[in-house]
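Engineer: Kindly generate the complete structure, drawing on both the sequences and the hints.
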Amino acid sequence: MGESIVVLNQGAIQRALTRVAHEIAERNESGSSVVLVGIQRGGVPLAACLAETLSGIWKQPVPAGSLDVSMHRDDLDRRAAPHVQPTHMPFDITGKTVVLVDDVLFSGRTIRAAMDALNDFGRPRQIELAVLIDRGHRELPIKADFVGKNVPTALAESVLVKFSDTGVPLSVTLRKEPTP
Amino acid sequence: MNWTRKHLTDIESLSAEEITLVLDTARAFKAVGERAIKKVPALRGKTVVNLFIEPSTRTRTSFELSEQRLSADIINFNTEASSLKKGESLKDTARNLEALNVDFIVIRHSASGAPAFLSRVLQASVINAGDGAHEHPTQALLDTFTIREQKGRIAGLKVTILGDILYSRVARSDVWALTKLGAHVTLCGPPTLVPREFEQMGAKVTHNVEEAIREADIINLLRIQHERQRKTMFPSLGEYTSFFGLTKQRLAKTKPDAIIMHPGPINRGVEIDSSIADSGRSVILQQVTNGLAVRMAVLFLVNGGKGPSELAS
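Those sequence lines, one after another, are chains A and B.
Residue numbering for the first sequence follows the working numbering, beginning at 1 and increasing consecutively.
Residue numbering for the second sequence follows the working numbering, beginning at 1 and increasing consecutively.
Possibly wrong hints are sitting among the right ones.
As the list claims (entries may be wrong) - Here's a subset of chain A near chain B, in silico, CB distances under 7 Å, partners left out:
#	residue
1	H22
2	A25
3	E26
What the hints assert, rightly or not - Here are the computed distance ranges between Cβ atoms for each label pair:
#	chain 1	residue 1	chain 2	residue 2	range
4	B	T289	A	E29	40 to 48 Å
5	B	N2	A	K162	20 to 28 Å
6	A	P90	B	S112	41 to 49 Å
7	B	H226	A	L140	33 to 41 Å
Everything labelled a hint here was simulated from the structure, so no lab data went into it.
For every residue, glycine included, the Cβ atom is placed at its ideal position computed from N, Cα and C.
Structural biologist: In structure tokens:
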């Protein structure tokens with residue numbers, strides 16, 4: 001067990017998410033064409049949190065879906081098959097602004113897979129990216145539009161976002177060794 | 001738990017956790033089949049050979065469509081066109097296919113153990129699509145998936161498999177899968193087709209159909225393979241139906257929520273009354289739909305399986 005540092009506690013996560021929600025609202029004046037899509041698994045509860053805040057800002061329900069990108073990964077024959085989680089897209093994304101939501105942005109490969117996966121559901125007018133943590137080390141030309149917190153990391157470190165059983169984000173910790 | 005197997009040759013050697021992982025993965029692939037775009041790039045650039053040395057229409061079609069939906073390239077190789085008729089051995093045929101750099105071999109063969117043999121001599125992943133009287137793993141997985149989907153669980157359910165059990169690879173794979181997940185399995189049919197030896201697999205054996213179906217949550221009917229040598233096993237199809245067929249009278253004595261399954265093709269009026277096959281109690285067509293999802297899941301999982309434990313042995 002390596003050394004663990006708490007990067008964000010529950011209150012700091014809430015403040016960061018509230019700010020990100022306001023930035024999304026600022027960028028997209030009318031909420032009627034915006035849908036949120038959380039990437040399994042960490043992005044899904046975060047998308048739900050953002051959707052709730054945005055519903056309050058825009059005074060209208062903001063739909064949130066979930067997307068599993070396992071089938072679109074680029075390393076499927078290099079690793080044990082990932083555990084596929086449910087994809088739930090209860091709306092048409094064609095012509096909409098899709099805000100992809102993930103917990104930690106790292107290599108960018110998950111986001112590439114997510115953009116491919118979204119293609120199977122329609123043609124969004126625009127895709128934006130919101131993440132709670134950007135830890136750097138991009139391997140693809142991908143950049144987040146909305147970032148909760150930039151956390152400079154070493155490659156050997158790992159970032160873990162913990163959620164309660166009901167999906168409330170509790171903490172973000174940085175560990176001095178990669179997740180096994 | 002992660003999937004580590006490179007091959008799927010049987011159910012007998014799988015753990016309950018591995019079976020559950022296939023079922024959970026299949027649930028996600030079933031959702032893919034309900035989308036407007038039913039194709040994902042998971043096996044893009046991979047080549048699959050469907051090596052069907054024994055005739056098959058539905059299993060082969062199901063595998064083919066599963067492979068296409070995973071974006072794999074496909075070679076179909078069937079008995080009629082094969083060099084096996086010209087005397088080439090199975091091993092030579094398979095090595096020739098491997099020389100084409102194929103990644104997966106889906107094999108159906110009349111000899112029990114043919115898939116396990118290939119998995120030992122080839123680099124490609126081998127998936128058993130039915131071998132002799134041994135096993136038909138993907139059929140058992142789709143049966144189990146369908147039961148779990150319908151009933152929400154497997155453990156504690158009473159499953160009766162009724163019909164031509166003796167040489168049935170479906171029955172064998174079903175018994176392994178269901179008992180590993182905690183179901184109580186009863187096998188029923190004429191004594192000539194349902195020998196007591198099956199009790200060694202953990203199933204109950206009875207030759208009394210009323211007793212077998214009365215308490216069952218699931219009634220899985222197996223086809224009477226009348227095209228095979230069955231003349232010595234029972235006097236006539238009519239007599240089979242009167243003693244063991246699922247008739248309306250017999251159905252009336254089952255639990256009202258018991259579901260009827262059949263791997264197909266069905267013999268209407270022989271093992272199953274025609275109206276029962278089309279009724280709301282029958283999940284026969286759901287089994288066909290679920291077969292696609294389960295086969296996609298199996299291909300997806302073995303693609304990532306490096307099989308260290310299997311290579312070591």
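Engineer: Is the shortest C-beta separation between A25 (chain A) and chain B less than 7 Å?
Structural biologist: 30 Å, violated
Engineer: Do the Cβ positions of T289 (chain B) and E29 (chain A) conform to the proposed distance bound of 40 to 48 Å?
Structural biologist: Check passed, 44 Å falls within 40 to 48 Å.
Engineer: Is the distance from the Cβ of P90 (chain A) to the Cβ of S112 (chain B) consistent with 41 to 49 Å?
Structural biologist: Roughly 47 Å apart at Cβ, these two residues keep to the hinted range, so it holds.
Engineer: Holds or violated: the hint that H22 (chain A) contacts chain B, with Cβ atoms closer than 7 Å.
Structural biologist: 34 Å, violated
Engineer: Starting from the hint 33 to 41 Å, judge whether the C-beta atoms of H226 (chain B) and L140 (chain A) obey it.
Structural biologist: 60 Å, violated
Engineer: Under 7 Å, Cβ to Cβ, is where E26 (chain A) needs to be relative to chain B, so tell me if that hint holds or is violated.
Structural biologist: 33 Å, violated
Engineer: Mind checking the hinted window 20 to 28 Å against the Cβ distance between N2 (chain B) and K162 (chain A)?
Structural biologist: 22 Å, holds
Of the numbered hints stated above, those contradicted by the structure are hints 1, 2, 3, 7, listed in ascending order.
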